[in-house]
Amino acid sequence: MNQFISVKDVSNIDSLVQKALDYKANPFKDKTLGTNKRIGCLFLNPSMRTRLSTQIAAQNLGMEAIVFNVGQEGWALEFGEDAIMNGNTVEHVKEAAPIMGKYFDILAIRTFPSLKSREEDYSELYINQFIKYAGIPVVSMESATLHPLQSFADLITIKEVFKEARKPKVVLTWAPHVKPLPQCVANSFAQWMNAWGGADFVVTHPEGYELDGQFTKGATITHNQDEALKDADFIYVKNWSSYQDYGKILSNDQSWMLTNEKLKQTNNAKVMHCLPVRRNLELGGDVLDSANSIVTHEAGNRVWAAQAVLSEILSKM
Amino acid sequence: MNQFISVKDVSNIDSLVQKALDYKANPFKDKTLGTNKRIGCLFLNPSMRTRLSTQIAAQNLGMEAIVFNVGQEGWALEFGEDAIMNGNTVEHVKEAAPIMGKYFDILAIRTFPSLKSREEDYSELYINQFIKYAGIPVVSMESATLHPLQSFADLITIKEVFKEARKPKVVLTWAPHVKPLPQCVANSFAQWMNAWGGADFVVTHPEGYELDGQFTKGATITHNQDEALKDADFIYVKNWSSYQDYGKILSNDQSWMLTNEKLKQTNNAKVMHCLPVRRNLELGGDVLDSANSIVTHEAGNRVWAAQAVLSEILSKM
Amino acid sequence: MNQFISVKDVSNIDSLVQKALDYKANPFKDKTLGTNKRIGCLFLNPSMRTRLSTQIAAQNLGMEAIVFNVGQEGWALEFGEDAIMNGNTVEHVKEAAPIMGKYFDILAIRTFPSLKSREEDYSELYINQFIKYAGIPVVSMESATLHPLQSFADLITIKEVFKEARKPKVVLTWAPHVKPLPQCVANSFAQWMNAWGGADFVVTHPEGYELDGQFTKGATITHNQDEALKDADFIYVKNWSSYQDYGKILSNDQSWMLTNEKLKQTNNAKVMHCLPVRRNLELGGDVLDSANSIVTHEAGNRVWAAQAVLSEILSKM
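Residue numbers (the working numbering), protein chains in the order written: chain A, 1 to 317; chain B, 1 to 317; chain C, 1 to 317.
Be careful, since some hints might not be right.
Since the list gives no way to pick out one identical chain from another, each pair is judged satisfied if it fits inside one copy or across any two copies.
Claimed, not checked - No farther apart than 20 Å at their CA atoms in a straight line, the calculated lysine to aspartate or glutamate pairs in the EDC-like style are these: (1) Lys31 / Glu64; (2) Lys163 / Asp22; (3) Lys217 / Asp200; (4) Lys132 / Asp289; (5) Lys31 / Asp105; (6) Lys102 / Asp22; (7) Lys29 / Glu73; (8) Lys24 / Glu261; (9) Lys29 / Glu64; (10) Lys264 / Glu119; (11) Lys179 / Glu207; (12) Lys37 / Glu64; (13) Lys264 / Asp226; (14) Lys248 / Glu120.
Calculated from the structure, these hints are not laboratory results.
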């Protein structure tokens with residue numbers, strides 16, 4: 001593996017999951033793999049779990065991790081090819097990225113979408129420019145359209161929790177929110193579920209919240225949440241703004257919020273969420289406080305997902 | 001020791017002081033005690049000494065320290081039990097704390113009081129919620145009502161500096177300030193002095209600045225600063241806002257500012273302050289520039305206080 | 001070396017350059033030199049390259065590096081000798097600096113000029129107060145008037161790239177910008193070029209942009225950019241605000257922007273800049289995208305410059 005931008009960078013999903021679980025059992029077994037290697041973690045946007053789990057994963061492998069909050073601690077970056085930089089941006093990615101490439105052995109980046117231009121966001125301009133100019137392996141800590149470290153941790157969690165021989169029914173359900181959020185987590189979860197193929201995968205959301213077909217293709221899609229939830233083994237709860245009417249909130253229908261009452265329709269489903277989650281808005285506090293919630297377990301697995309990915313990249317150096 | 005929230009978590013104060021002084025003499029003597037252990041330092045509020053000394057203490061013990069500025073680098077936290085999170089808070093402590101518990105071996109937290117509701121601040125809701133949900137040892141880097149790492153460093157300093165056989169006279173004096181400050185440092189210093197019992201301890205402040213009796217009980221309390229200062233061996237200078245008329249500034253009487261002139265009444269007293277100190281407002285520049293001031297010596301001892309505490313917690317793991 | 005504030009702290013420039021190039025060839029050869037030593041990196045202003053390269057250099061030498069963003073993570077500092085601190089500043093350098101001296105073995109500081117008072121900026125009050133009160137070696141990560149780690153990296157780059165026996169012609173040219181910038185980089189580059197003496201050194205700028213003679217003395221100075229560029233081997237591009245009419249932008253003449261067209265007059269000159277650079281304002285994108293640009297190569301050398309300096313300081317401890 002020489003980058004980690006989406007599930008397409010993974011040659012064998014099942015063996016990568018196993019690698020992560022091996023690290024969970026024995027976090028320090030490769031403590032010297034990263035000796036004298038350095039990862040730069042660039043945050044163009046805020047982060048908690050991703051920030052901490054990536055640092056921890058690197059440390060577990062004996063790497064030095066350096067965190068840099070672009071904009072807050074440094075300069076606003078420019079991505080426009082021929083920009084005349086007489087405005088607010090101070091440094092062009094064409095300079096910033098190759099320097100990161102000289103300073104670090106691996107570059108991890110978080111960069112959110114603007115939610116203003118679908119075309120621009122879905123071109124993944126920012127992370128692609130870093131890949132183009134950095135000259136070292138790039139790891140996405142969430143980009144404009146995808147969040148692969150999250151989805152990988154999600155899959156680890158499902159495989160770890162589900163012990164039956166049959167395929168689990170996994171449902172991704174839209175949830176209400178007060179702010180327009182990216183489609184990243186939903187896109188990425190759908191992409192991983194489909195690439196893995198080990199689940200009966202269903203996506204449910206109100207009309208108008210259809211995700212980009214390139215990610216959901218292969219899934220069953222329905223606007224009927226009750227139908228989707230029926231006999232589910234896992235429910236992945238997540239809000240996203242509209243992909244069609246790009247970046248807009250079309251509905252805030254509170255009847256879509258998952259509650260213990262709704263859970264009764266399921267096969268005693270485990271409930272997942274990438275976090276942070278707004279209690280009693282996206283997801284009922286009753287569900288989060290119940291034994292069905294595995295959201296913090298899932299967040300814990302972020303460390304092992306990141307560690308497996310960094311280990312794969314390091315071992316190819 | 002499996003947490004460090006107040007002096008009540010210390011079984012033997014004198015031996016903990018000795019442990020700190022041993023580290024001061026030999027900072028790296030337990031360099032492998034923290035191997036493969038990790039401390040998360042969460043700042044809900046700004047910090048300089050506490051931030052740096054805790055990181056240094058952890059490093060001296062061979063631990064990895066990860067600093068996270070909640071709110072600034074991540075999300076605003078919610079603490080209300082049944083909050084409907086449709087406002088500014090993005091993540092509930094019920095999710096955040098257990099995740100910290102999965103990522104770290106020890107969790108250190110700084111969280112200031114609001115100074116709006118005495119009842120809420122004195123319930124220590126924030127740090128107690130972290131203790132309840134994190135599932136790992138929690139260390140206070142200053143909470144709503146106490147600052148035990150500071151007070152421990154203060155006691156180390158007094159014991160280190162005072163070489164006579166008799167009990168020293170230690171005076172905590174209120175000082176003027178332009179902003180309403182928490183009672184934490186004063187509460188905590190009083191609590192430690194009383195728990196230690198090795199000093200003749202006097203608290204002095206203008207009327208209306210009485211501290212919570214649970215912390216000052218056992219001390220001599222007077223509104224007459226001159227009387228208090230008489231023959232003092234140590235003067236601890238600190239502003240705090242009113243506990244009675246909660247969070248208010250009742251007086252800004254500059255005559256309470258300690259000066260070299262006032263020091264003449266004392267037994268050539270050493271002058272202490274937790275820092276940061278506003279010169280010529282809280283404390284005269286003449287005093288700070290004199291040989292009587294031990295404020296930076298005291299700040300230096302923050303490292304050894306933190307190191308002794310982390311060492312105690314690590315040795316119980 | 002017991003501090004690094006300007007080229008005057010360097011006893012042998014050529015051997016320090018060689019030391020840096022040795023580290024470039026073998027970054028980890030002194031991995032234990034900094035064992036149990038700690039550097040504090042204090043940022044009163046934003047930074048990317050300096051921040052990252054200093055951290056990396058310290059790590060390469062086995063030192064612990066702790067970064068602290070003063071003001072953002074902590075408190076606003078006061079530098080006025082007799083200030084009555086009833087305003088926005090919270091802590092005096094007289095307290096802050098000695099504490100840093102207790103916490104760290106080396107203190108690195110970044111502090112920009114105000115560009116309001118030339119007298120104050122050129123007195124280098126801030127960094128001098130830190131030197132006066134910290135009691136440990138201080139390294140400038142850019143001060144009010146100089147940026148020695150940058151200039152040292154610049155010289156490393158020139159010596160590394162230029163292989164001929166003759167002296168290279170090195171030109172420092174002013175460039176347009178929309179904001180008033182410090183003179184630091186230009187002052188410092190001139191000071192290093194003159195102290196080194198290995199180049200035919202020319203400074204060119206519009207009238208009114210004369211730099212302080214203490215730094216440029218010995219250089220050829222001209223207002224005719226074309227004349228300056230003729231047969232140049234290296235062109236160092238940089239904007240600065242006026243030293244005469246202090247801190248002002250006198251001209252924004254775009255004809256001063258270096259382009260590939262202008263480069264034709266040179267001896268196929270290599271183009272340098274300290275970065276960040278505003279493309280198509282300070283420096284043409286055509287130049288930056290050409291093989292003549294060595295700006296990212298130069299930025300990469302920041303690591304080895306910092307490593308050589310820290311190594312010199314450590315070896316004197």
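Structure-based check of all given hints:
| no. | hint | verdict |
| --- | --- | --- |
| 1 | Lys31 / Glu64 | both (12 Å within a copy, 13 Å between copies) |
| 2 | Lys163 / Asp22 | within (17 Å within a copy, 52 Å between copies) |
| 3 | Lys217 / Asp200 | within (13 Å within a copy, 66 Å between copies) |
| 4 | Lys132 / Asp289 | between (45 Å within a copy, 14 Å between copies) |
| 5 | Lys31 / Asp105 | both (17 Å within a copy, 18 Å between copies) |
| 6 | Lys102 / Asp22 | between (32 Å within a copy, 17 Å between copies) |
| 7 | Lys29 / Glu73 | neither (34 Å within a copy, 31 Å between copies) |
| 8 | Lys24 / Glu261 | neither (34 Å within a copy, 59 Å between copies) |
| 9 | Lys29 / Glu64 | both (17 Å within a copy, 17 Å between copies) |
| 10 | Lys264 / Glu119 | neither (41 Å within a copy, 40 Å between copies) |
| 11 | Lys179 / Glu207 | within (18 Å within a copy, 49 Å between copies) |
| 12 | Lys37 / Glu64 | both (6 Å within a copy, 16 Å between copies) |
| 13 | Lys264 / Asp226 | within (10 Å within a copy, 72 Å between copies) |
| 14 | Lys248 / Glu120 | within (16 Å within a copy, 38 Å between copies) |
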